[in-house]
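Peer 1: In case you want the letters, here they are:
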Amino acid sequence: MNDTVGIVIVSHSKDIAKGTADMVRQMVGSEVKVAFCGGDPDGGLGTNVSLIIDAINSAWSSKGVAILVDLGGAETNSEMAVEMLEPERRDFVVVCNAPIVEGAVMAATEAAGGSTLAQVRAVAEELSAG
Amino acid sequence: MSLQPETFKTLVKVAAEQVIASAPELTSLDQAIGDGDHGTNMKRGFEAVLNKLDAISEQPLHEALKTIGKTLVMTVGGASGPLYGSFFLAAGEALSHSKQLPDDLAEVFGSGVSAVSARGRSQAGEKTMLDVLIPVLETLKTGTGRPDLIEQVRNTAAEAVERTAPMQATKGRASYLGSRSVGHVDPGARSSCVLVQAVCASLEGGQ
Numbered sequence: 001m002n003d004t005v006g007i008v009i010v011s012h013s014k015d016i017a018k019g020t021a022d023m024v025r026q027m028v029g030s031e032v033k034v035a036f037c038g039g040d041p042d043g044g045l046g047t048n049v050s051l052i053i054d055a056i057n058s059a060w061s062s063k064g065v066a067i068l069v070d071l072g073g074a075e076t077n078s079e080m081a082v083e084m085l086e087p088e089r090r091d092f093v094v095v096c097n098a099p100i101v102e103g104a105v106m107a108a109t110e111a112a113g114g115s116t117l118a119q120v121r122a123v124a125e126e127l128s129a130g
Numbered sequence: 001m002s003l004q005p006e007t008f009k010t011l012v013k014v015a016a017e018q019v020i021a022s023a024p025e026l027t028s029l030d031q032a033i034g035d036g037d038h039g040t041n042m043k044r045g046f047e048a049v050l051n052k053l054d055a056i057s058e059q060p061l062h063e064a065l066k067t068i069g070k071t072l073v074m075t076v077g078g079a080s081g082p083l084y085g086s087f088f089l090a091a092g093e094a095l096s097h098s099k100q101l102p103d104d105l106a107e108v109f110g111s112g113v114s115a116v117s118a119r120g121r122s123q124a125g126e127k128t129m130l131d132v133l134i135p136v137l138e139t140l141k142t143g144t145g146r147p148d149l150i151e152q153v154r155n156t157a158a159e160a161v162e163r164t165a166p167m168q169a170t171k172g173r174a175s176y177l178g179s180r181s182v183g184h185v186d187p188g189a190r191s192s193c194v195l196v197q198a199v200c201a202s203l204e205g206g207q
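If you're matching them up, the sequences are chains Y and L in order. Everything in the first sequence is counted per the numbering used here, starting at 1 for the first residue and increasing by one. Everything in the second sequence is counted per the numbering used here, starting at 1 for the first residue and increasing by one.
Please keep in mind that the hints were generated in silico from the structure rather than gathered at the bench. Note that beta-carbon positions come from the ideal geometry of N, C-alpha and C, so glycine has one too. Heads up, some of the hints might be wrong.
[What the hints assert, rightly or not] Derived EDC-like pairs (lysine to aspartate or glutamate); straight-line CA-CA distance at most 16 Å:
1. L:K70 to Y:E79
2. L:K43 to Y:E83
3. L:K70 to Y:E83
[To be verified] Chain Y is faced by these chain L residues, among others (derived, beta-carbon under 7 Å):
4. G77
5. A79
6. P147
7. L149
[To be verified] Distance ranges between label pairs, derived from CB positions:
8. L:E25 to Y:K14: 38 to 48 Å
9. Y:D3 to L:T144: 47 to 57 Å
10. L:P102 to Y:R25: 55 to 65 Å
11. L:R121 to Y:E88: 21 to 31 Å
12. Y:N57 to L:L177: 33 to 43 Å
13. Y:S128 to L:G178: 11 to 21 Å
14. L:A165 to Y:S128: 45 to 55 Å
15. Y:E102 to L:R146: 48 to 58 Å
16. Y:G44 to L:A165: 23 to 33 Å
17. L:R163 to Y:K14: 32 to 42 Å
From just these sequences and the hints, can you work out the full model?
Peer 2: Right under this line is the structure:
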């Protein structure tokens with residue numbers, strides 16, 4: 001079986017993260033590994049580096065992982081999480097500059113076709129261009 | 001002034017307690033121009049630091065700073081976690097490369113400030129914690145070795161935090177408010193000021 005790029009969804013709200021993952025699943029079923037997390041370490045609105053690391057490892061694929069985030073803290077915490085991964089994984093994880101819901105659905109759809117991490121990222125980030 | 005293990009332990013304890021005590025103020029500042037979680041986030045992070053205080057104070061200084069950084073990264077739960085975390089991780093890293101305190105204080109502090117700037121992709125004048133950290137760094141550069149350094153640092157931090165009020169935020173959640181962020185002190189600048197002043201107070205008290 002050909003591996004596909006994994007998708008990680010990081011929102012400040014666990015409900016948004018889960019809802020986004022549900023929409024991704026509707027598009028791509030189980031062809032693509034999808035993981036999500038949301039909420040601060042006490043369960044309030046926020047993001048949590050430890051949960052993001054777990055999500056990346058759970059969606060791990062030899063083709064890499066694309067992360068979709070909502071607001072600033074989710075991006076900063078995701079970048080921090082990537083740096084704290086095992087060294088051999090760090091270069092195969094990207095944080096996409098894209099809207100979280102549309103970006104996740106587009107990225108997963110592209111990933112399902114067997115695209116590379118760079119292609120998946122480019123499709124998601126087209127949504128933020130122009 | 002040399003930093004003995006007991007002095008360092010007291011310093012971390014005082015700094016953490018001051019941040020925890022200022023949580024309501026930080027939250028109130030953040031409610032004005034952000035999402036209102038800065039106080040609770042910082043409180044959670046520094047409570048975690050306090051819980052590890054005994055272990056932290058037994059580590060060599062550079063390792064202790066890294067442990068503080070990692071603890072903040074893992075527990076704060078907002079952008080300030082990676083920002084403050086990166087400060088302490090980078091400062092610890094700088095100290096591990098044959099830098100000594102207090103002689104290289106400005107250089108070690110500067111490594112932390114650079115890490116915050118890189119992590120937040122932010123510069124001076126954008127209404128962030130850097131608007132306190134950068135002036136403090138400048139004071140450390142020019143004042144290291146002077147007998148009134150601690151007082152200078154304390155004054156620099158206090159003045160710098162007030163100067164964030166007229167700034168318009170272009171980074172972080174406050175930037176969504178555009179010109180409406182003007183007139184409010186930045187919560188991250190305020191928490192940096194609390195930390196810097198707590199360290200000053202602890203060092204003065206211990207001398």
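Peer 1: All the hints need checking, so say for each whether the structure fits it.
Peer 2: Evaluated hints:
1. L:K70 to Y:E79: holds (14 Å)
2. L:K43 to Y:E83: violated (24 Å)
3. L:K70 to Y:E83: Judged against 16 Å, a Cα distance of about 12 Å means the pair holds.
4. G77: It holds, given that the least Cβ distance between G77 of chain L and chain Y is near 3 Å, below 7 Å.
5. A79: holds (4 Å)
6. P147: The hint is violated - P147 of chain L has no Cβ within 7 Å of chain Y, the shortest such distance being about 39 Å.
7. L149: violated (32 Å)
8. L:E25 to Y:K14: 38 to 48 Å: violated (29 Å)
9. Y:D3 to L:T144: 47 to 57 Å: holds (54 Å)
10. L:P102 to Y:R25: 55 to 65 Å: 57 Å Cβ-Cβ, so the 55 to 65 Å window holds.
11. L:R121 to Y:E88: 21 to 31 Å: Check passed, 26 Å falls within 21 to 31 Å.
12. Y:N57 to L:L177: 33 to 43 Å: holds (37 Å)
13. Y:S128 to L:G178: 11 to 21 Å: holds (20 Å)
14. L:A165 to Y:S128: 45 to 55 Å: This hint is violated: roughly 32 Å between Cβ atoms.
15. Y:E102 to L:R146: 48 to 58 Å: Hint holds: Cβ distance 56 Å, inside 48 to 58 Å.
16. Y:G44 to L:A165: 23 to 33 Å: holds (28 Å)
17. L:R163 to Y:K14: 32 to 42 Å: For K14 of chain Y against R163 of chain L, whose Cβ atoms are near 38 Å apart, the range 32 to 42 Å holds.
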